[in-house]
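Q: So you can see what is in the structure, the chains are spelled out below.
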Amino acid sequence: MKLLRRLGSALFVLAALATAQAVQTAEPTLNHARRPFPVIGEVGEDVAARTFTARVQQVRCAAALKIGEHVLDTQGVWIVAKLRVGARSEPTSIAYAAARDSADRVYQTTDRISLDLVTGGLTMQPGLPYEGEIAIEVPTASAGSLTLLLADNSFDQRLDSMTEIRLSISDGSACSAEPTTVLLPKAVS
Amino acid sequence: MRGPDSLGRGWWRRNGWGLVALLPALALMLGAAGYSDLEFWQRGRPEAVLPAADGTADFAGLRMRVAELAPATDLKRSGDRPFVLPDNMTAWRVVLDVEGPTDLEPDQVIYCAISIEDTAGNRYNDEPRELSSARTPLGNCNPENSPVPAGSGRYQTVAHFVTPRGVEIAAVRVFFGGVDQTRYVRFDR
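If you read the sequences in order, they're chains B and R. Reminder that position 155 of the first sequence reads as 155 in UniProt numbering, one-by-one numbering, no gaps. Reminder that position 167 of the second sequence reads as 167 in UniProt numbering, one-by-one numbering, no gaps.
This is chain R alone, in the form it adopts within the complex (with noise of 0.2 Å):
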């Protein structure tokens, strides 16, 4: 630390403006450094899109509701023979309307993941191994999987997942992780 210098000014004046300005440089350096971190963050807890009063959510490019959330109980293994599921766990069917732009091409469909919550927070995912012998659709919002045509854009993604009996289910929530990993679209029951 030198003395004054040929202005007469001492060390604390000669500085004062750059300690000044450390503090935005260091809040700045701190932001940039935590953005990363606070998207990876989200990406982990991805904020939930809640759909309007009448049911439908507008997401991704696509409209869509909840048609139809209930147990399954006539699934087919193939040759149309029943689907027996063991005594402790229950079937789900959930069934998605969906419109989306009728100019889109089947390939160009924008991927979701469908999952359901229970009621005391568990998530499950579609396409169990418990039901690999059942005979169900790719719930994955892809037209070409409809088990109605698609029309006008507009068509059905179905999904099926397993719970333990007795499970009460909460939501459907479903992820377009192509477009948007910090938010998910949720339906609740």
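Bound conformation, chain B alone (with noise of 0.2 Å):
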């Protein structure tokens, strides 16, 4: 009787265990459980984060950027996005853009030319909204399958929202191959 009695105590502890780790398993990593709160809108419309607002007013895509008087071609393409973003009711800045196509993988916008309106260095004032061109270099084959992703923490965006705006450009492979321009941010009324 002793024994069954310490073999069933035994056989409690292992299923505990068991259970704690199906447990464990089963629940989300915590980086999915602190995800964003994505805030969905399309090209043309206003999409309202927590701290800002962001347009995509037109969207494009080409072979090679005209910088000046340099060239900055890509293995893939770029796409240029003309956003109007402003601060809600702070100062804000938009410190976090991105574009993921369908297989979940994410591009940041380009290093290799300034871009202040979606780098944190422009600081919005609420009322006063900016105009600007961002650049961000793709594959040729995700660019039919991009989504904008704009958010104000450039190190860390859980738990904070962030905008998702499906991009509208249907095929890379029909992109333009003259270089484009990059408008620079300028404020607008």
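Chain B side only, calculated, beta carbon under 10 Å to chain R, not exhaustive:
{"id": "1", "residue": "A87"}
{"id": "2", "residue": "R88"}
{"id": "3", "residue": "S89"}
{"id": "4", "residue": "E90"}
{"id": "5", "residue": "P91"}
{"id": "6", "residue": "L122"}
{"id": "7", "residue": "Q125"}
{"id": "8", "residue": "P126"}
{"id": "9", "residue": "G127"}
{"id": "10", "residue": "L128"}
{"id": "11", "residue": "Y130"}
{"id": "12", "residue": "A187"}
{"id": "13", "residue": "V188"}
{"id": "14", "residue": "S189"}
Calculated Cβ distances over 10 Å to all of chain R for the following chain B residues:
{"id": "15", "residue": "R35"}
{"id": "16", "residue": "R60"}
{"id": "17", "residue": "E137"}
{"id": "18", "residue": "A141"}
{"id": "19", "residue": "G144"}
{"id": "20", "residue": "N153"}
{"id": "21", "residue": "D171"}
Here are the in silico distance ranges between beta carbons for each label pair:
{"id": "22", "chain 1": "R", "residue 1": "L22", "chain 2": "B", "residue 2": "A15", "range": "19 to 27 Å"}
{"id": "23", "chain 1": "B", "residue 1": "S170", "chain 2": "R", "residue 2": "N88", "range": "30 to 38 Å"}
{"id": "24", "chain 1": "B", "residue 1": "S189", "chain 2": "R", "residue 2": "P149", "range": "38 to 46 Å"}
{"id": "25", "chain 1": "R", "residue 1": "L19", "chain 2": "B", "residue 2": "E42", "range": "55 to 63 Å"}
{"id": "26", "chain 1": "B", "residue 1": "A15", "chain 2": "R", "residue 2": "S36", "range": "30 to 38 Å"}
{"id": "27", "chain 1": "B", "residue 1": "L183", "chain 2": "R", "residue 2": "F40", "range": "33 to 41 Å"}
{"id": "28", "chain 1": "B", "residue 1": "D46", "chain 2": "R", "residue 2": "N88", "range": "16 to 24 Å"}
{"id": "29", "chain 1": "R", "residue 1": "E47", "chain 2": "B", "residue 2": "R84", "range": "30 to 38 Å"}
{"id": "30", "chain 1": "R", "residue 1": "E47", "chain 2": "B", "residue 2": "D160", "range": "21 to 29 Å"}
{"id": "31", "chain 1": "R", "residue 1": "F40", "chain 2": "B", "residue 2": "L4", "range": "46 to 54 Å"}
{"id": "32", "chain 1": "B", "residue 1": "I40", "chain 2": "R", "residue 2": "P82", "range": "42 to 50 Å"}
{"id": "33", "chain 1": "R", "residue 1": "S132", "chain 2": "B", "residue 2": "H70", "range": "20 to 28 Å"}
{"id": "34", "chain 1": "B", "residue 1": "H32", "chain 2": "R", "residue 2": "P82", "range": "53 to 61 Å"}
Since the hints were made in silico from the structure, they are not lab data. No experiment lies behind these values; they were computed from the predicted model shown. Yeah, the Cβ is synthetic: ideal placement off N, Cα and C, and Gly gets one too.
Two chains, two frames, some hints: make the complex.
A: This is the structure we're talking about:
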């Protein structure tokens, strides 16, 4: 009887450990549990994140960028999006911009040119929006399935809102072969 | 769960006080865990400290009052050329009279951040990008940046802001992040 009780206790402990392991395995990872809150929108409409609003006004793709006298080519294609962004109720900047393709690969904005509009370099005051263009270098095959991601924190976007705007490019192989320029940010009324 | 012990006490009798002690222990644990979160939350929503009836506020070892809050229509660029804002914007000037200890070295002065709040609750920071071409002093409560000579511990600090045209300013906020991140001085207009 004593042996049976001890055996039962051991089985109970094993069952508890197995249950704990199963629960831990089934739980989402910390990064998944704390993932950003998506605010989804379309090209041409205002999308309001917690601290800023953003509208993709136009989007195009090209084989090269023309920055002054310099031409920046790529092995993929350049996605150039014209944005109108503004702070909501407090001064803020957009410090994270990237494009995610249908395979969940994420491409951040290029660091080959300066993009103050989305790299934290431009602090916007409420009610005083800015317009400008950003450029992202992506593989040609990804160009047709991109979603633009914007957030105000460059290091950690978790547990905060993030705009997700589907970019209206249907086919990366149909991008312009001509180099395209990138508009600098300017205040708009 | 064993049967009665040598004194004839069952499991509940043996562990009764332990179970009772669990409740305050749980409360202490939750309190300790919540304290850091509470402080973090308070830093995100600092509490307003209001001035006395004569308009002066004592905070962070300084006595201060708002001497001026008005549109700044006389801003200059370098070389004394007039600075003109776009039609949709208004520049504002805030002048604080500050009184601090007389034996304080300039580099010992606590720095402040001044912002203004409109009647809709929107907040605007000083040194906005829109005024980057204007010649404006640093409004950070440091006597070295005072437009009038600092004497007897008395000096001024001047900050400039930009808002959309037509906005009414409701309050000036002075924040001493190096001293207290949970409170700020609020001068209602």
